[in-house]
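Chains as they are written, first to last, in our numbering: chain A, 1 to 278; chain B, 1 to 278; chain C, 1 to 278; chain D, 1 to 278.
Just to be clear, a hint being listed does not mean it is correct.
[As the list claims (entries may be wrong)] Taking beta-carbon pairs under 8 Å as the criterion, some of the chain D residues facing chain A (in silico):
1. E162
2. Y163
3. T165
4. R251
5. F252
6. A265
7. E266
No wet-lab data here; the hints were simulated from the structure.
Fair warning: this is a prediction, and the values are worked out from it, not measured in the lab.
Ideal Cβ positions, reconstructed from N, Cα and C, are used throughout, including at glycine.
So you can see what is in the structure, the chains are spelled out below.
Number of protein chains: 4
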Amino acid sequence: MLADTAYGKSGVRLVQVIRRGDRHDLRDFTVAIRFEGAYDESYVTGDNSAVLPTDTMKNTVYALAARGPVGEPESFGLSLARHFLERNPPLRRATIDIAEHAWGRISVGDRDDGQAFVRDRPDTRSARIEMDRAQIRVCAGVTDLSILKSSHSAFDRFPRDEYTTLPETRDRLLATSLTATWWYLEPDIDFGPAWRVVRRTLLEAFAEHHSESVQHTLHAMGQAVLDCVPAVADIRLVMPNRHHLPIDLSRFGMENRNEIFVATAEPYGLIEATVTRA
Amino acid sequence: MLADTAYGKSGVRLVQVIRRGDRHDLRDFTVAIRFEGAYDESYVTGDNSAVLPTDTMKNTVYALAARGPVGEPESFGLSLARHFLERNPPLRRATIDIAEHAWGRISVGDRDDGQAFVRDRPDTRSARIEMDRAQIRVCAGVTDLSILKSSHSAFDRFPRDEYTTLPETRDRLLATSLTATWWYLEPDIDFGPAWRVVRRTLLEAFAEHHSESVQHTLHAMGQAVLDCVPAVADIRLVMPNRHHLPIDLSRFGMENRNEIFVATAEPYGLIEATVTRA
Amino acid sequence: MLADTAYGKSGVRLVQVIRRGDRHDLRDFTVAIRFEGAYDESYVTGDNSAVLPTDTMKNTVYALAARGPVGEPESFGLSLARHFLERNPPLRRATIDIAEHAWGRISVGDRDDGQAFVRDRPDTRSARIEMDRAQIRVCAGVTDLSILKSSHSAFDRFPRDEYTTLPETRDRLLATSLTATWWYLEPDIDFGPAWRVVRRTLLEAFAEHHSESVQHTLHAMGQAVLDCVPAVADIRLVMPNRHHLPIDLSRFGMENRNEIFVATAEPYGLIEATVTRA
Amino acid sequence: MLADTAYGKSGVRLVQVIRRGDRHDLRDFTVAIRFEGAYDESYVTGDNSAVLPTDTMKNTVYALAARGPVGEPESFGLSLARHFLERNPPLRRATIDIAEHAWGRISVGDRDDGQAFVRDRPDTRSARIEMDRAQIRVCAGVTDLSILKSSHSAFDRFPRDEYTTLPETRDRLLATSLTATWWYLEPDIDFGPAWRVVRRTLLEAFAEHHSESVQHTLHAMGQAVLDCVPAVADIRLVMPNRHHLPIDLSRFGMENRNEIFVATAEPYGLIEATVTRA
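Given only the sequences and the hints, what does the whole structure look like? Please build it.
Quick look at the structure:
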């Protein structure tokens, strides 16, 4: 028996230049399309008569983009999902994932150039559309937002067993590479401003929190988003703890006044939760 | 409100040398530990009194490994999960993920050296243990098994729309980088032989299948595992279609008799399904 | 016989927090140290009596950082190189490579937080010090600076042979991920401002150039740096051509007015040159 | 003034299927082409009249492959270099780099399938051809060959200073990810067997060496290749020291009898040398 079947196309790279005289705009997306539906025959008997080729999915991304400015990733994802559902009777649910890569304008002297761009953030904006015959759901997110705070971060009063060697601390570096995703209550909001408000709220809440743990800060960040952005139904935060360990300088007859750290890649703590409205 | 909370440690690198005289054995694991349970207080109030540090989880991996040969990754994962559940009352479910990196012996002349090793497979063995107060579940897998067949692969008789440009073919290269995971019916089987049989069965089924699509071959591979390995309850296969496109040589006045291909990384098809017993 | 021997430590991650009351500063370096000298005995006979352990090199990075603010990467590299040359008679040349990862301050409302940071550029600053008993050379650079221009870029009037299918164009997207490295004439300049001026000059020259090819723009960028920054002796630019190919929409009965592109990762052109003063 | 100019195409992915009845052979190459020559005009004035497009270089890879089996990577690289030098008068030197990705046959029962393949080694074979109007040089290599020995590896009697904390040891794990490249004395040898002998010799020498340091083992491996393979002129070895650190189990009241290690990714030692004939 078959379960949880899905097929689609990933890694579809789309760059659109919107030419408004001397001032161009740029959108840079990586799109993934995923179909779930009545496709079991293709698996079991090799009958492809219902299987829209993934190559056609890719072509459709470019064809729909050619109709006009793609706009926000959520809006473009909605267009794609609607298109596929209208045309493909066996399709039960279409999921569209879009990652947007950020470009800023290059400044020349004191003005922004209209036609030259530089990648300006290492973090990525994400959007997910889940659409079926009855329902449309829109999710937005930010991927790999690297943040660090050098004060107001503690971790102590935890249980100890015979394998516990971690010292308690009231003053540690807290660094993470945040991935957050949030579902909107409605599928027709103003996605650009909403995304920017959520990202800013996450940053501010991280900066201002007096942290007792990554868990504690994660919750404060999620809570702040729910408090400040009514359009958000719930938010999931995944926060790897990018440990910055103080170097033991006493071996060299020196003191480390919480200034010298080694940034480690592994192992890493991994803290996750979803904060939802009651 | 909080939902789907989890915390743990990832990327714990463990190498064990088992020294039996001149012949050493090697196990090379990357371990991840994930706790789910009554930890909401730590998120909401910053009370860490129930939060076993992830640093202690890491230490526990090494301490338990020091008791004796770790054995198969599934067995070691079971020991870890049991240890954590016994010691941590708030813990509802422990999930242990282990990736095993394969080493073979270096041959010197016509014998295998007992103490020198070479990494011998690019694919990785995986194991997952999910244990709670009532139940133990064991999953095994293989990650990124790159396979390719140069015959008996077709893709045709698919629906066409105005954006379909893909030609039909009865003879294409089929390449994928398989990730498969399967749950065992019982948590106490002989994990090493079972894993090897499943891997070999996947390879043989891939080689022998007359493929009408990736979906079709995925199903045949899953079916073969269920048919040949009674210990397996169900198997999930994720198969990116690593497209190998024939080069159009007609532009150079040459013919491509299905011999010259460009291997592409993106975009890629992505085909998934779980094959289960009825 | 032995030639081109070198040994050292790479991947030394150093994060320094400089605490000035409520306002902290952050430096985030990845350091590599490379020794060349009279170390042949260690290779040939296994005599380690001259071989300062690479573990000690790593410790030295942290110990020297603990003396006070590390400052610019070039300055810290100079301190490291001097330290090693003074202490190690067999050492003929020390090379220090430092990559600096950029952090900006998180804004809270309309002010910058003093103790919370966000990674703010995907490109990396680099510094290299080459020091021997007679000479000190300082190199700075920028790694993976992704830039794109949507006008004033052509590629035509190139030679054609029987394998040439590329159409000529007067209007293409030009994108690259620039890595530039430049040597300073003197080892004691004000490294921070110099680096910022070179980076800005590279961006402006890229934006303003009317490009006939990647080669043409590379030269203009290098020339601009030599013209604007007298401290620079020469500059090397490595510019992969990140091809953005216009999609053929005519297959869908549509026209591509140079607006819809696929960004490709491979294959890629690779253009390199050093621009030097006469 | 311009120096060290070069341009070319990288990341050209070529897969060739050689169909001999039921038994197919597979070659899987990533090719890079690099031109050096009289191309300064293109940089300085934007005159492209001498600049063979890198897109044509890519096409040429496929066109030459279509003439017949590509054979060993060195042989195919020689054909490419000759082709480009014959056709391009401004070209002074052509450098061709080829990485070969290894595929083995899938076994079905007790026979090898003729048309189904599995990637069978994580390390990569490399070849480099440097050809100018007067000379042809051929280099071969192996990239990222991960090897580990669990005995006969020491590091002691090294100098200590105030920052040295490393303990001396007569018994440590030695692991590296070897990249080796060697130049052949003549450009017309039997490249396949030569490559296999060098790789086997490197492995055997690593296994059998009583190591006082990475440097010491590096030299022994290079020396063994020069001793066993007369066709090799010199060999360069780059050996990152993939440190496997013994875990301090005494904190848990346990003893580590050199059995439990953490494999670390950074920092890492980096040891390099070229071993040449006198």
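Here is how each hint holds up against the structure:
1. E162: holds, 6 Å
2. Y163: holds, 6 Å
3. T165: For T165 (chain D), the interface hint holds, since the closest Cβ of chain A sits about 5 Å away, which is under 8 Å.
4. R251: With a minimum Cβ separation of about 5 Å from chain A (threshold 8 Å), the hint on R251 (chain D) holds.
5. F252: holds, 6 Å
6. A265: holds, 6 Å
7. E266: OK, holds: E266 (chain D) within 8 Å of chain A, min 7 Å.
Violated hints are absent here; each numbered hint is respected by the structure.
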